[in-house]
Amino acid sequence: MWKVIGIRLGRLALTLLAVTFLSFIMTALLPGDPVNAILGVDGPRDPELEAEIRAELGLDDPIPVRYVNWLADAARGDLGESYINRGQEVSATIGQRLPVTAQLAFMAIVIAVVLAIPIGVIGAYRQGRWQDQATSAGVQVALSVPNFITGIFLIWLFAVTLKWLPASNWNRIGDKGLWENFKTSILPATALALTQMAIFSRLVRSDMIATLQENYILSAKAKGLSDRYILFRHALRPSSLSLATIVGINFGALLGGTVIIETLFAIPGLGFRLINAINQRDILVIQGITVFVAVAYVVINTVVDLFYTVLDPRIRRS
Amino acid sequence: MTDTVETRIAEVAHMSVAEASGPPEVGDGKPKRASFREVVGDMPWIVKLSAAWLVLVFGGAIYAKLDTAVFGGALPLQDPNLQTNNFNPDTGTFGDGEPIEPPSAQHWLGTDAIARDTFARILHGGWVSLIVSAVAAAFGVIVGGFIGSLVGFVRGKTETIIMAFIDVILAFPALVLLLAMVSIFQVRSLLVIALVIGFLSIPAYTRVARAISLAVSNREFVLAARAIGTKPATILRREIIPNVLPTVLSYAMVAAAFVIVVEGSLSFLGLSVQLPTSSWGNMINQARRDIDINLLQVVAPSLALVITVLSLNQVGDWFQKRASFRAAAL
Chain A
1 MWKVIGIRLG RLALTLLAVT FLSFIMTALL PGDPVNAILG VDGPRDPELE
51 AEIRAELGLD DPIPVRYVNW LADAARGDLG ESYINRGQEV SATIGQRLPV
101 TAQLAFMAIV IAVVLAIPIG VIGAYRQGRW QDQATSAGVQ VALSVPNFIT
151 GIFLIWLFAV TLKWLPASNW NRIGDKGLWE NFKTSILPAT ALALTQMAIF
201 SRLVRSDMIA TLQENYILSA KAKGLSDRYI LFRHALRPSS LSLATIVGIN
251 FGALLGGTVI IETLFAIPGL GFRLINAINQ RDILVIQGIT VFVAVAYVVI
301 NTVVDLFYTV LDPRIRRS
Chain B
1 MTDTVETRIA EVAHMSVAEA SGPPEVGDGK PKRASFREVV GDMPWIVKLS
51 AAWLVLVFGG AIYAKLDTAV FGGALPLQDP NLQTNNFNPD TGTFGDGEPI
101 EPPSAQHWLG TDAIARDTFA RILHGGWVSL IVSAVAAAFG VIVGGFIGSL
151 VGFVRGKTET IIMAFIDVIL AFPALVLLLA MVSIFQVRSL LVIALVIGFL
201 SIPAYTRVAR AISLAVSNRE FVLAARAIGT KPATILRREI IPNVLPTVLS
251 YAMVAAAFVI VVEGSLSFLG LSVQLPTSSW GNMINQARRD IDINLLQVVA
301 PSLALVITVL SLNQVGDWFQ KRASFRAAAL
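The listed protein sequences derive, respectively, from chains A and B.
Residues 1 to 318, numbered by this note's numbering, are exactly what the first sequence covers, in order.
Residues 1 to 330, numbered by this note's numbering, are exactly what the second sequence covers, in order.
Be aware that one or more of the hints could be misleading.
Stated by the list, open to error - If the Cβ cut is set under 8 Å, some of the chain B residues that face chain A in the computed set are: (1) E98; (2) L179; (3) A180; (4) L275; (5) T277; (6) L296; (7) V306.
As the list claims (entries may be wrong) - Distance ranges between label pairs, derived from CB positions: (8) B:D290 - A:A137: 23 to 33 Å; (9) B:F221 - A:S226: 50 to 60 Å; (10) A:L241 - B:I114: 53 to 63 Å; (11) B:L275 - A:R76: 27 to 37 Å.
Calculated from the structure, these hints are not laboratory results.
Glycine is no exception: its CB is placed at the ideal position from the N, C-alpha and C atoms.
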């Protein structure tokens, strides 16, 4: 087992190196001089100041040197300063906005799992019958509706027509309390959850169909246990391991996948900031958020993988 | 949304390998080519319906694009960018259109907030989806399909290096990588968007193609070809690629559905084709501000997008099933 873990961690280090390099090189190659972004293009310019900024940003060094310097800074949590909002540390921005995005992703995953398990179990239990066909069709549709469309129609229904919830904005838990926060977070989380629900329930269904053919299910039936007890106590548990894996991976993916929903609902998370930065061409913010999200995703994937290895004896041995 | 593609890859790869490595059935050597009539005849009704929708929507988009140039405006189609209430300097009068009109004989789906014909804008929006998904599929099938077939066949260091590179690209959350790449370009024309999405499609196709190539490369007929001294390049061309292609092509359909959602999301964020060019995503984004007074302007492009994606998924799933049956019968 330790060997497997060692290999995984080694691969993680290599992937991180590659991912950070790719993020760096992409933004380093952006057209347009960062100095222009800082000093503005118009008017006379102090060449001394320009040289000073160039030196400070290390713009005159060759790319590999710049990458190593940047990586060393990034490892210490220094991702630079925003060009547009001078004095705003990129890492501070991320620290401020991550809790919002993480909360959204977490709520979406919880809603998705709560909906997906019964739907998947029904599909497997009634495989091929109308209950299965109905839920499968619903899942197919849920997979095909992009989350921004779901979001717009949730806004239309609950904010515009029924006026139960606000259409956009975000109340921080710290400022306004849990309930006010819930009122602003439930719609975006639901919009995100729909696609996840579809993915999870398909997995639960196909896993469960395989599990239900095992001998121990037959023996449980022979003992006269009720179907419901067998489904949720005996069959669901072995199926939940792969569900746990995909839940972990998708949580990581959602940290970068909330961009559109955050923009739609005007939620001050990582994604909304990323879009602002792209529109303002605020290069270091784009770079910082991209690299942070990518690293988080890769690390979460590895952690999930390791958990899976540790938990499942069949994988541990091989 | 980001992860559907990975789930898909896993599914496709798993399915094809499982089916392809099953016990081979005795055939007459060459798999039969089904005629067009047979292929359509086999389709369940929902797949037929989906295929019909795709023909309608993409055929309509192509026709609308070529209408004035090739057919001389044979059908009375509207100009998607014309503000129908505008002042016309030639006649000295204002147009008779109104913003946010309900559907009428003249404007089948009404008009948008600046009095443009919604039906025409949806028709032309289909062109953006068509081009982006077609370019992405072409990149994926040709580049990704070839690289995948190659590394699955030759193995060794080539495979390790190329797949490591592919894995790094797939290690990024797809949307964030796309946004970062799109932000590099100042001019976001249809071509630029299509090329960026096309480039980013390559890794997923490579994975799919490699999985099948690995399975095919271990089959008896490849061994036989090696034994009689066929050159590796010839084996790749005559044995591997023809057997990898059907699955990759059917994956292309499902991937196209994903690409249309991705382009829609970019358009929705205002980071895809620039206005006034219409795409379903930017129509939805523009119309959502008036959703309280005109729901139809949001519903119409949303339905166009969702039904197209659903149809591509249906047809793609169906072709995937056929492709894996075919692989099993090899």
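Provide an ascending list of the numbers of those earlier hints which the structure does not satisfy.
Hints 1, 4, 5, 6, 11 are the ones this structure does not satisfy, whereas the remaining hints hold.
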